[in-house]
Amino acid sequence: PEAMVRELTPEEQHRRERLDTEADLFSIIFTVEALEKAYVRDSISAEDYTEQSRRLIGQFKTVEHMLQGLSVREFMQAYDMTCPAAQHRLLEIGVPATVEFQGGDGS
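Numbering (the working numbering), first residue to last: 230 to 336.
In case anyone wonders, no lab produced these hints; they're calculated from the structure. Check the hints yourself; a few may be wrong.
Claimed, not checked - Label-pair ranges, simulated between beta-carbon atoms:
1. Gly-323 - Arg-245: 26 to 34 Å
2. Glu-276 - Ala-232: 43 to 51 Å
3. Gln-306 - Arg-245: 54 to 62 Å
4. Lys-266 - Leu-237: 34 to 42 Å
5. Ser-272 - Glu-231: 15 to 23 Å
6. Glu-280 - Ala-232: 37 to 45 Å
7. Thr-311 - Gln-288: 15 to 23 Å
8. Thr-311 - Arg-235: 35 to 43 Å
9. Arg-235 - Leu-296: 42 to 50 Å
10. Lys-290 - Glu-236: 16 to 24 Å
11. Glu-240 - Gln-306: 23 to 31 Å
12. Glu-241 - Arg-284: 46 to 54 Å
Note that the Cβ used here is the ideal one computed from N, Cα and C, for glycine as well.
With the sequences and hints as input, model every part of the structure.
Okay, here's the thing in structure tokens:
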């Protein structure tokens, strides 16, 4: 038998979209944390770090804009996200470490 699929109400659709966007935010934060650790441990080249960091910072800014009214710090607390490097990079600095300190390729 074919499963019946019902249309989502506008409220349900909005809620689903918001949850999807929050999931994106969650994954970006954890990915930035891992990237920062990899860079500090010299497990990634400065060039690759800079490229990936810029991409993730851009994605973060887009998602942050999409979630207007959401405090990222409160989101991180609510989900017990202990990601100090990501918090520093995304919320306080906003550019890759290679740009912040003009090290690596810095361009």
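Hints versus structure:
1. A hinted range of 26 to 34 Å holds for the C-beta pair Gly-323 and Arg-245, which are about 29 Å apart.
2. In this structure the hint that Glu-276 and Ala-232 lie 43 to 51 Å apart at CB holds, the actual value being about 49 Å.
3. Gln-306 and Arg-245 have their C-beta atoms about 24 Å apart, which leaves the hinted 54 to 62 Å range violated.
4. Taken as a hint, the range 34 to 42 Å holds for the pair Lys-266 and Leu-237, whose Cβ atoms sit roughly 39 Å apart.
5. Hint check: Ser-272 to Glu-231, Cβ distance near 49 Å, so the stated range 15 to 23 Å is violated.
6. For the pair Glu-280 and Ala-232, the supplied restraint of 37 to 45 Å holds, since their beta-carbon distance comes to about 43 Å.
7. For Thr-311 and Gln-288, the Cβ-Cβ distance of about 21 Å falls inside the hinted range of 15 to 23 Å, so the restraint holds.
8. Between Thr-311 and Arg-235 the beta carbon distance is about 40 Å. The supplied range of 35 to 43 Å therefore holds.
9. About 27 Å separates the C-beta atoms of Arg-235 and Leu-296, a value inconsistent with the hinted range of 42 to 50 Å.
10. A hinted range of 16 to 24 Å is violated for the C-beta pair Lys-290 and Glu-236, which are about 33 Å apart.
11. Remark: the range hint 23 to 31 Å for Glu-240 to Gln-306 is upheld by a beta-carbon distance near 26 Å.
12. Glu-241 and Arg-284 have their C-beta atoms about 32 Å apart, which leaves the hinted 46 to 54 Å range violated.
Checked against the numbered hints above, the structure breaks hints 3, 5, 9, 10, 12 and satisfies the rest.
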